[in-house]
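With the hints as constraints, model all of the structure from the sequences given.
2 protein chains.
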Amino acid sequence: MTVIYDRVALIGLGLIAGSMAHAIREGGLAREIVGYARSAETRDTAREIGLCDRIADSAAEAVEGADLIVLAVPVGAMGAVAADIAPHLKPGATVTDVGSVKQSVIDAVAPHIPPGVHFVPGHPLAGTEHSGPRAGFASLFRNRWWLLTPLPDSDPDAVARLSDLVRAMGAKTDTMEPAHHDLVLAVTSHAPHLIAYTMVGVADHLRRVTDEEVIQYSAAGFRDFTRIAASDPTMWRDVFLHNKEATLDILGRFTEELFVLQRAIRMGDGQQLFDYFTRTRAIRRGIIEAGQDTAAPDFGRVATGS
Amino acid sequence: MTVIYDRVALIGLGLIAGSMAHAIREGGLAREIVGYARSAETRDTAREIGLCDRIADSAAEAVEGADLIVLAVPVGAMGAVAADIAPHLKPGATVTDVGSVKQSVIDAVAPHIPPGVHFVPGHPLAGTEHSGPRAGFASLFRNRWWLLTPLPDSDPDAVARLSDLVRAMGAKTDTMEPAHHDLVLAVTSHAPHLIAYTMVGVADHLRRVTDEEVIQYSAAGFRDFTRIAASDPTMWRDVFLHNKEATLDILGRFTEELFVLQRAIRMGDGQQLFDYFTRTRAIRRGIIEAGQDTAAPDFGRVATGS
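Heads up: the protein sequence lines correspond to chains A and B, in order.
Each residue of the first sequence is one higher than the one before, starting from 1 at the first, in UniProt numbering.
Each residue of the second sequence is one higher than the one before, starting from 1 at the first, in UniProt numbering.
Simulated from the structure, these hints should not be mistaken for lab results.
Among the hints, erroneous ones may be present.
[Unchecked claim] Derived pair list, reagent style EDC-like, types lysine to aspartate or glutamate, alpha-carbon separation capped at 16 Å:
# : chain 1 : residue 1 : chain 2 : residue 2
1 : A       : Lys244    : B       : Asp269
2 : B       : Lys90     : B       : Glu61
3 : A       : Lys90     : A       : Asp67
4 : A       : Lys90     : A       : Asp6
5 : A       : Lys244    : A       : Asp107
6 : B       : Lys244    : A       : Asp269
[To be verified] Pair by pair, the computed Cβ-Cβ distance ranges are:
#  : chain 1 : residue 1 : chain 2 : residue 2 : range
7  : B       : Met267    : A       : Val260    : 23 to 33 Å
8  : A       : Val3      : B       : Met267    : 44 to 54 Å
9  : A       : Arg266    : B       : Met267    : 23 to 33 Å
10 : A       : Arg279    : B       : Glu256    : 21 to 31 Å
Please read all numbers here as calculations on a predicted model, not as lab measurements.
Heads up, the beta-carbon is just placed ideally off N, CA and C, and yes, glycines get one too.
Here you go:
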């Protein structure tokens, strides 16, 4: 239990910031956690559940004297928040963000950061389908990756200190080029989310299959799509708008590949389907071996269990 | 604990038949469970783990004197198995299957069923990404749907008795027209599976993103696709080939819809994306209320947990 930053300011009090508050408190990693959210209702909820040591009524007030400022708002709102807080940042402080897209956040935030303040962009690869100040929990980041995409002129000490905090919250860190991060995430997260949203939308539109039927008989495959497609709409709207090129690139490849498999179905080419499905199995094994999921039979999870 | 069938014969000893063996034994629902699988290795494994009371060396031997015969082989193998066992079926026996497609199984199996034997097609909407004789567990069907698609001339008593067995294994039953079943499943299972296979394949093909990166950073969305895409290749090859029309229909609608969302991303139409994502959230809530999943934050599941 080592204090890594004296005062941490969390701007935006959703799932990620809320989980950070819990994890920082549990680990004694800061002396004071100050929070701010734009919505008065969110601030009230945060006060009610004691999410932070103090909830400020403005972003400027929240960052005053803070050693670490975490921007945990939707990607599209980062620039405005940065402009808002910039005049109030303490010299020597570190600003980080938790946005799912890095290049556009850097473009929006970096110009506002005053000299003497360190900007170290980051992205925790962790989340659930729930959102809001009550959704957080201390173990969200445990054994998950938290990617940092430092700028060429980022202060190595500031990066190291942020890495210490991230690891102290249970996460693993790595650094990456912002543009490469955005491509990797387009593959592992952004395109899959859009695809899941789309499939759930298709089911909702079908006239010959009722919503009731879709809901009742969702166990085999579709259920996992609905879980993904229940994620926060504002956050995801911004992700797609701000990682446009990489997402569209991956979706284009996806559509090509889907057409190839559709054609195999139409032509009755069982061998091609079998070979394809055999290859995709190997990737799954890799993920389990990398500790990013368990081999427990999840499709069979019992609805009444936890 | 009431015996519902004196002797049950399971043909094919994968996840579903294995789980039935466990559930029937746990519930004391049959006096004897006989099993058969085409592969000698599978039969040896089944004997070694005591999956059934007896493992026969041919399908014909397995069904001899059986009151219920369960065809639990890939959809494309159902017809051949039915032809094989037909001469050995006991008068008054019931034959059912657990295939994920119903119309083509009926077309393949029904002509072989002799007069005096009842054919009641079925489909348990339960599964995991694991397969083989060791993958089964007694609670797989608990709180899951098991759809029956009786034929117009199916004996009501035979249907009722099979329903009793299914409910005694913990499942809920409903009956459905075979063609409608195939459309509903194309939406809730078959199309989602093909989409997940495709997305995992795209990730595997990308040169600029390494498999290592895909595997390490899979936590946010992609992981659930890999889970689906790890399902048994033979089973799924057959599902797509045998539910061709409905699957291609749904995939066609999916592609249309995906193009609409891609266009919204390209044009920067945030409102359209936000509205779409808000609607898909509602379906998720319906599934949780219907008891087909839990609200526990699953994306956040800890890799080292169970």
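For each hint, the structure was consulted:
| no. | hint | result |
| --- | --- | --- |
| 1 | A:Lys244 to B:Asp269 | holds, 12 Å |
| 2 | B:Lys90 to B:Glu61 | holds, 12 Å |
| 3 | A:Lys90 to A:Asp67 | holds, 7 Å |
| 4 | A:Lys90 to A:Asp6 | holds, 12 Å |
| 5 | A:Lys244 to A:Asp107 | holds, 14 Å |
| 6 | B:Lys244 to A:Asp269 | holds, 11 Å |
| 7 | B:Met267 to A:Val260: 23 to 33 Å | holds, 27 Å |
| 8 | A:Val3 to B:Met267: 44 to 54 Å | holds, 48 Å |
| 9 | A:Arg266 to B:Met267: 23 to 33 Å | holds, 31 Å |
| 10 | A:Arg279 to B:Glu256: 21 to 31 Å | holds, 28 Å |
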